[in-house]
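Going down the list, the protein sequences come from chains A and B.
Take any residue in the first sequence, count from 1 to its spot, add 2: that is its number in my numbering.
Take any residue in the second sequence, count from 1 to its spot, add 9: that is its number in my numbering.
It is possible that some hints are incorrect.
Below, a sample of chain B positions facing chain A; criterion: calculated Cβ distance under 7 angstroms [claimed, not checked]:
{"no.": "1", "residue": "Tyr218"}
{"no.": "2", "residue": "Ala227"}
{"no.": "3", "residue": "Gly230"}
{"no.": "4", "residue": "Asn231"}
{"no.": "5", "residue": "Arg232"}
{"no.": "6", "residue": "Ala234"}
{"no.": "7", "residue": "Leu237"}
{"no.": "8", "residue": "Thr238"}
{"no.": "9", "residue": "Gly239"}
{"no.": "10", "residue": "Ile240"}
{"no.": "11", "residue": "Ile242"}
{"no.": "12", "residue": "Gly297"}
With beta-carbon atoms standing in for the labels, derived distance ranges [to be verified]:
{"no.": "13", "chain 1": "B", "residue 1": "Arg244", "chain 2": "A", "residue 2": "Asn211", "range": "37 to 43 angstroms"}
{"no.": "14", "chain 1": "B", "residue 1": "Gln347", "chain 2": "A", "residue 2": "Glu80", "range": "26 to 32 angstroms"}
{"no.": "15", "chain 1": "B", "residue 1": "Arg348", "chain 2": "A", "residue 2": "Arg241", "range": "53 to 59 angstroms"}
{"no.": "16", "chain 1": "B", "residue 1": "Gly278", "chain 2": "A", "residue 2": "Glu80", "range": "26 to 32 angstroms"}
{"no.": "17", "chain 1": "B", "residue 1": "Phe188", "chain 2": "A", "residue 2": "Ala124", "range": "37 to 43 angstroms"}
Hints listed in this document are in silico derivations from the structure and should not be mistaken for laboratory results.
Glycine residues also receive a C-beta, built at the ideal position from the N, C-alpha and C atoms.
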Amino acid sequence: MTDQTPILQMRGINKSFGGLRALIDVDLDLMPAEVLAIVGDNGAGKSTLIKVLTGVHTADSGEIRIAGRPVSIRSRRESMDAGIAAVYQNLGLVDTLPAPQNVFLGIEPIRRILGIPFLDNAAMRARTVEILRNRVGVSLPDLDAPTRSFSGGQRQAVAIARAVAGTDLKVLVMDEPTAALGPEETRNTLNLVRAVRARGTAVILISHNLHHVFAVADRVQVMRGGRRAGVVSTRTATRKDVLGLIVGADVDEDAHV
Amino acid sequence: MSEGGQAMTEMTAGAAPPRDRNAGRMRQLSWWERYINIIGPLVMIIALSVGMAVSQPRFFAFDNLMIILQDAAIYMVLGMAMTIVITGKGIDLSIGAVAVLAALVMAILIKDHGWGPYPAMGVALVIGLACGTLNGLVITQFRVPDLLATLAMDQIYRGIGLVLAAGLVLARFPEPIPFLGRGRIADLIPTAAIVGLIALAAGFVLYRYTWLGRYAIAIGGNREAAQLTGINIDRQKVYHYALMGFCAAIAGILLTGRLNAIQATAGMGFALHTIAAVVVGGTALFGGRGTMFGTLVGVLLLAMVTNALVMLRFQFFWQLVASGVIIIASIGFYAWVQRRQGTGGRGDD
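Isolated chain A (complex conformation):
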């Protein structure tokens, strides 16, 4: 993996809110087709780092490169244009719309009749089936039903499909995707993460749950106090190592965290 160019590099990212230094010289490397988990305590800087990446916040200083090329990310739009998509915890779906219309919300394909642009609902449907199959790896029971009748995992699949559909997707950011799900749904969602990676998309996964992190991630980046506390491979490191990095000391794995 070391001989490859990272698909995403963040170098020396700083971000302060007033006197609070939320991010201090943070680096991040994401390899192609890799799942990188970001873990850390509340206030460790996970969310701020992701918000910088997705253009919600602008970094005070630092550099972001996509596939080796420096990019400027000062807005959501610029982040999306750079090929970064985010799936938030609340998924951001319009539950009264069916899946294809959610997937293409804001980027609807158009068919002109007498020069008037009409939404091409049939194309949306066909392309959604294709995206779900080729890039997400699921099929939905009923594409024409509003997504409110879907399970948590299915809604997650729609949200991912939407992230994939919009851009020439290079990095998929998933913010606490398993936080509100039951065991079965969680398993499905972790499978979704694997499926997306298997189809060539690099994933950044933010999670509180080390079980889930170790189940899907290739590497784990630990944040502490606004700094990068360390990066470990899930093949060589243990949960105990990661916990130690999170709290900043060696700990017993039995200790209650």
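Following the hints, complete the assembly by docking chain B onto the known chain A.
Just chain B now, kept in the frame of chain A:
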């Protein structure tokens, strides 16, 4: 679906395949549950029709059916735009005043300034569009809640109308105004009903096949998601109200033609009657969901009830009682269905 299933197995090779991809999902909605929003009022229409067939066969005389269509026409035009406004989590209480203001200016231009009917109607439409746009700007720029903003604008437009008309009734207009309002095409179908049906058909296309309707659903269904998608919510809402104002002006012209007269105090019940018809037709009062066909059904149901009550010699004002009962019955019914489907808790998260 089978291809998707294969892809799933293929991609999970190596990882534990999920035992049941659909575990935990709510059961599929059956077809009647998915269209329940329209079935409620349709059942009421059928019940009413059966009741009238038994007690007053005259109800189904061709002439009476055309009268019902005639009565419904104005609310078809208003209901079309109101469906979009309400879907976008808005509401417009000023439509009566806008309709009358537009109609009064048209009437004054014709009667006092010798304008021809067509340019005067054009001015009426422009005034409707302007009033609607102003409503939208007040709501989006001053951040006044839709309900209060349009309530206040209703007062303003009504006031201007009263000043302009100075208490007069303007009557007797040149064609095509009476023809639009009360004429019949081929001496059979009310022109106004044709206008109303065309408006609803246009609304159907707008709702389903254009950005206007799609973004209205997004804004009403999950405002935050709409925003994250990059939809300019303020601009869309201005479009909704502009369309509403434009349709209100059409309604004003139809109203003028129907009585061949207009005065500043007309159109008082427009807003509430239209909102009632739209909501009875299955459009969610708090946005995110609606149908044009439902609005047609809602408008027809209210017109049929009014007509039936008149035919059964109830005093006209019983109509108000009846529409109130219908509104509560419909909304209560939807709420019951929603609870049964168990979707209440997971609305737009």
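Hints violated by the structure (listed by number, smallest first): Of the numbered hints given earlier, those the structure breaks are 5, 11, 14, 15, 16, listed in rising order.
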